[in-house]
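No gaps in the numbering here: position 96 of the sequence shown is 96 in full-length UniProt numbering, and each next residue is one more.
Note that these hints are calculated values from the structure, not bench results.
We treat Cβ as the ideally placed atom computed from N, Cα and C, and that holds for glycine.
Hints should not be assumed to be uniformly reliable.
Beta-carbon label-pair distances, calculated as ranges [said to hold, decoys possible]:
(1) G40 <-> S98: 14 to 22 Å
(2) E242 <-> A302: 28 to 36 Å
(3) L289 <-> N160: 20 to 28 Å
Computed cross-link-like contacts, EDC-like style, restricted to lysine to aspartate or glutamate with a CA-CA straight-line distance of at most 16 Å [unchecked claim]:
(4) K64 <-> E25
(5) K64 <-> E30
(6) K82 <-> D266
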Amino acid sequence: MELFHVDLKKTVDHSYDIVIGSGLEDRLQEDLDVFARSDGRSIAVITDSNVYAYYGAELESRLKSALPELKINTAVFPAGEKSKTRETKAYLEDLLISWGYRRDTLILAFGGGVVTDLAGFVAGTFARGVPFLNYATTLLAAADASIGGKTAVDTDAATNLIGLIYQPKRVYIDIAMWKTLSQGELSDGLAETIKHACMADAAFFSYLETNLEKVFSLDPAVCRRIAEKNCEIKYRVVMLDETEQGMREILNLGHTVGRAIETVSDYRLSHGESVSIGLAAQARLGRNLGYCSEEDVARVEALLRKAKLPVRIPEWIDREA
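Let's have the full structure, built from the sequences with the hints guiding it.
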């Protein structure tokens with residue numbers, strides 16, 4: 001018998017910058033000079049139909065004008081959680097292959113949470129892994145999906161069951177793009193924001209109690225504060241536990257119940273609405289187990305309602321499902 005030992009010990013640096021501001025297209029263009037042009041990489045933009053309707057054609061035109069020597073194409077899929085499937089991932093991969101993309105590819109995920117989940121998963125597996133950038137256009141993506149490297153697709157069995165942790169090269173949180181969001185989309189992002197405050201920052205929770213409603217009028221100072229605090233809370237957890245071996249599980253607060261409700265509702269409830277119901281349920285459970293007070297539960301539910309989010313499972317959902 002022969003025994004060979006393959007020694008693959010190494011130190012890997014997955015560090016990256018998060019850029020927060022309003023109107024970050026110029027910064028993105030400058031960075032693509034570094035991440036794409038200098039390496040001669042082809043750029044594949046991945047986005048959904050809603051984001052493309054607002055920004056897609058303009059973005060592609062801008063990039064092609066600034067980087068005329070590089071191949072640049074945009075892959076678009078139907079917007080919504082129902083597109084976060086293995087079939088959509090395969091569709092995007094087949095598009096890239098048909099356009100001649102190979103290992104010299106850089107993927108730009110341009111959109112909300114479904115976009116960053118799908119595009120990041122494609123990046124992590126296409127040609128055994130190519131670099132990608134996350135450009136978050138929604139509050140939900142800014143608060144959650146664009147940071148931390150989690151990528152996944154949903155299955156009939158469960159949401160986010162198939163995926164991997166694959167870190168972006170850079171993240172952009174463009175607050176200016178929140179102007180195209182509906183009240184419901186802003187509320188979705190506020191659900192994750194309230195989750196962060198509940199789990200990690202009492203002072204931030206108090207700030208939200210006073211200022212949260214200003215998000216709906218897109219108050220610049222409040223929106224920026226919320227974007228920055230979301231990033232600060234999440235990246236500090238991710239730095240301690242990148243691959244969710246323990247500490248990072250705290251970021252799933254509200255998601256155990258929430259993801260189940262989201263699936264059972266057949267996605268009639270949005271991710272934020274589902275997390276809100278889950279967060280309220282866990283607050284009540286914490287009260288029942290003696291971890292928090294009745295006043296704590298009341299404050300959590302009041303803040304969720306202020307964000308125009310539900311705190312109870314709707315009557316139309318089958319409790320036996």
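Hint check:
1. G40 <-> S98: 14 to 22 Å: Roughly 21 Å apart at Cβ, these two residues keep to the hinted range, so it holds.
2. E242 <-> A302: 28 to 36 Å: holds (34 Å)
3. L289 <-> N160: 20 to 28 Å: Because 27 Å falls inside the window, the suggested range holds.
4. K64 <-> E25: Holds. K64 to E25 sits at ~13 Å (cutoff 16 Å).
5. K64 <-> E30: Holds. K64 to E30 sits at ~13 Å (cutoff 16 Å).
6. K82 <-> D266: Measuring from Cα to Cα gives roughly 9 Å; hence the hint holds.
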